[in-house]
Amino acid sequence: MIEIKNLKKVYNSTIVVNIPHIEIKKGESVGLVGNNGAGKTTLFRMILDLIRPEAGEVLSDGEVVAGHENWKNYTASYLDEGFLIDYLTPEEYFYFIGGLHQQSRAHVDDFLSGLTDFFNGEILKKGKYIRDLSKGNQCKVGVASCLLQNPQLLMLDEPFANIDPSTQFRLKSILMDLNKNKGVTTLISSHDLNHITDVCDRILLMEKGVIIKDIATSSSTLNELEEYFGVGQTIPVSTKIDEEENH
Amino acid sequence: MTSTFFQHELKAFWRSKNTGKSIVIRVVMGLMVLYLLGIVCVIGFNLGKLLEGFKGDVVVSFSGIILLYYLFDLFMRLQLQELPTLRVQPYLQLPVKRNSLVRYLAFTALLSIFNLWPFILFVPFVVKTIATDSGSTVAFAFIVSIAGLTVFNNYLALYIKRKSNLNGWVFLIAAAAIILTGLSDFLWHLFSIRQISYLFFGSLITHPAFALLPVLLGAIMYYLNFSYLKQNLYLEELGARKAAKYKSSTEYPLLSRFGSIGDLTANELKLVFRNKRSRSAFIMGLFIMFYGLIFYTNPKMNTEGYKVFVSMFMTGIFIINYGQFMFSWQASHFDGLLVNKINFADFLKAKYLLFTVISTFFLLLTTPYAYFGWKTLLIEVIMYLWNIGVNTTLVLFFANRNYKRIDLSRGAAFNWEGLGGNQWILSLPLMITPFIIYGPFAAFHHGDIGLALLAIIGLIFIFTRNYWIKQLEADFHTKRYTIAEGFRNK
Chain A
1 MIEIKNLKKV
11 YNSTIVVNIP
21 HIEIKKGESV
31 GLVGNNGAGK
41 TTLFRMILDL
51 IRPEAGEVLS
61 DGEVVAGHEN
71 WKNYTASYLD
81 EGFLIDYLTP
91 EEYFYFIGGL
101 HQQSRAHVDD
111 FLSGLTDFFN
121 GEILKKGKYI
131 RDLSKGNQCK
141 VGVASCLLQN
151 PQLLMLDEPF
161 ANIDPSTQFR
171 LKSILMDLNK
181 NKGVTTLISS
191 HDLNHITDVC
201 DRILLMEKGV
211 IIKDIATSSS
221 TLNELEEYFG
231 VGQTIPVSTK
241 IDEEENH
Chain B
248 MTSTFFQHEL
258 KAFWRSKNTG
268 KSIVIRVVMG
278 LMVLYLLGIV
288 CVIGFNLGKL
298 LEGFKGDVVV
308 SFSGIILLYY
318 LFDLFMRLQL
328 QELPTLRVQP
338 YLQLPVKRNS
348 LVRYLAFTAL
358 LSIFNLWPFI
368 LFVPFVVKTI
378 ATDSGSTVAF
388 AFIVSIAGLT
398 VFNNYLALYI
408 KRKSNLNGWV
418 FLIAAAAIIL
428 TGLSDFLWHL
438 FSIRQISYLF
448 FGSLITHPAF
458 ALLPVLLGAI
468 MYYLNFSYLK
478 QNLYLEELGA
488 RKAAKYKSST
498 EYPLLSRFGS
508 IGDLTANELK
518 LVFRNKRSRS
528 AFIMGLFIMF
538 YGLIFYTNPK
548 MNTEGYKVFV
558 SMFMTGIFII
568 NYGQFMFSWQ
578 ASHFDGLLVN
588 KINFADFLKA
598 KYLLFTVIST
608 FFLLLTTPYA
618 YFGWKTLLIE
628 VIMYLWNIGV
638 NTTLVLFFAN
648 RNYKRIDLSR
658 GAAFNWEGLG
668 GNQWILSLPL
678 MITPFIIYGP
688 FAAFHHGDIG
698 LALLAIIGLI
708 FIFTRNYWIK
718 QLEADFHTKR
728 YTIAEGFRNK
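So the sequence lines, in the order shown, correspond to chains A and B. Following the working numbering, the numbering of the first sequence begins with 1 at its first residue and continues without gaps. Following the working numbering, the numbering of the second sequence begins with 248 at its first residue and continues without gaps.
Where hints are given, some of them may not hold.
[As the list claims (entries may be wrong)] Okay, the calculated bits of chain B under chain A, using three or more residues with CB under 8 Å as the criterion:
no. : segment
1   : 492-503
2   : 512-518
3   : 579-592
4   : 725-737
If you're looking for bench data, these hints aren't it; they were derived computationally from the structure. Glycine included, C-beta positions come from ideal geometry on N, C-alpha and C.
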């Protein structure tokens, strides 16, 4: 589905992304983890042809992303609020996105009614523009607009960051359903190691622009990641024995 | 503490995006402020001479206009003065005394340019005429009263604005009260503000101690503000955001005929009407409609050359005003537009459609000017064709070179965001080209040929739109990364 070749991005003479080669196959669910500044969002933006790499290229379905637009037909993505048209009501936005994919309003309405649980009554018919919604609810709008597009490739940047726990679990089951039952390739970044190891079959670990680990998720993956991110931290064990009690 | 606040305030000013990073903008801004100050200075120093034009004593007329000025001042303040509000947000949860916060808020409110005008305007006259006529004590009393009234007006305006944040009616009532006061003097002659003003300032000459009255008023108003702020130091009440109404979805059935291009245009129409700054670009266009009344009724200016000028503005003001910041309006969601299934050619066609729709609307509004002769209407139509043909293309060409973000949530008054060299360069060809074509013919009394040429060029551009769209699209693809990156820069 996606192939990255010699991709390099430099900002102010520091290399922020440097990936010699990586391939994501159709139907894979890939999680991208890494600390702030590891280059996750930059990588996403290059895959979406939003920034120009210094070297290398991204291929989507065998076609170079830059300068082509075919990938837009099957790719849905939500990186940040900058993807939303914030002076529209959520309904208007969904109709607009649906319209881009030749979906009728009835179809959009029908689709949205399937997301009632996910929206939890906070999105539709609330009489608010998207800009007046909270960050978490904006995220819901963004994710829903991605789902609406019926994508073959879904890219989400930290979708779990701002949403409430119930929505996090609903989103997880939606993502797993898309990947397992509908064969959608998913590429998700997150700081929540639990969620990402639950949802994804393959984890890419980024550090300073380089993918340093590429692991197929197994029962030990979570521990492995926690070990990496907990570098040099020993958790103070607070099992202080009350001496009075233990005489 | 106050000095720390003050330092932060200075930093906020110099580091704000609005101040503009480029030196050119700062210079131009500085020049414009100096120019304005200069004009007011000149008026201030020549106030005596200007007032001699009226009947009666100069001092009497001077005393008469002061209150009148303050009425006008209040009206302007209500519209333009900004509330120094949300800037305290980062301090609210810190261990800072409420009193010092409120004092700081109330104090910074005085740092408005509005508080400078009355002094520049009135003090020269007070020093020159009143000091020599009635002695320095009286002159001092005048200056003190002017200061008192300025402070009073300053805090009254802010008080009304704060109240109207909670309830929109307050603003309307206040504005209506000011307008009615003005009308009842000048239209209905119920009372004379000038006489009231003279009643007070005239008696200052005999009893300088009366100067304490405005000071007292100012102090009361300050105290009112202070206590109101102290009681309402909550984000919701401080904020410039008004109580939210239910926002319903809108549709433009006419546009849905154009498919996805129509959808894009509908979105942009919503952008225009749902955001302050873009909305004022449109409303400005409505005011420009009166250009015709000003120019056509004046026999000296009722010539064809002026008509070309006026018609270009009346039918094309939106293209100039809104178009000069093109794509910046969509800066906040430009990434979204790029990754979605939107063909850039469609995106451009939607822009053309938007300009055509709005210019047509303005053209329809100007049709009554046919009263000044059918040829007036003909010229308007010609300039309309020119605008939707040539000027739209020109504006879009420059839009590809505009990398500055605009934050839609901010108002238009004194907002320099998104302004760059681009806009200065753009305005030249936009306004001059039609005269380069029309001028030479008009000079040799063949104005009609010039007009015909304008119409033909406009039509050629309209019929070759697809060619221009292709050119613009190719041009865009070489610049899209720079544009998107510029827009991401907050």
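Problem set entry | Assertion that chain A covers the segment 579-592 of chain B - criterion: three or more residues, beta-carbon distance below 8 Å | holds (count 11)
Exercise. Taking a Cβ-Cβ distance under 8 Å as contact, does the segment 512-518 of chain B have three or more residues in contact with chain A?
Worked result: holds (count 3)
For this session: Given that the segment 492-503 of chain B was listed as covered by chain A, double-check it with a C-beta distance under 8 Å for 3 or more residues.
Result: holds (count 6)
Exercise. With a Cβ-Cβ cutoff of 8 Å, does the segment 725-737 of chain B contain at least three residues near chain A?
Worked result: As far as the segment 725-737 of chain B goes, the hint holds, because 4 residues have Cβ atoms under 8 Å from chain A.
Violated hints for the displayed structure: none, as all numbered hints are satisfied.
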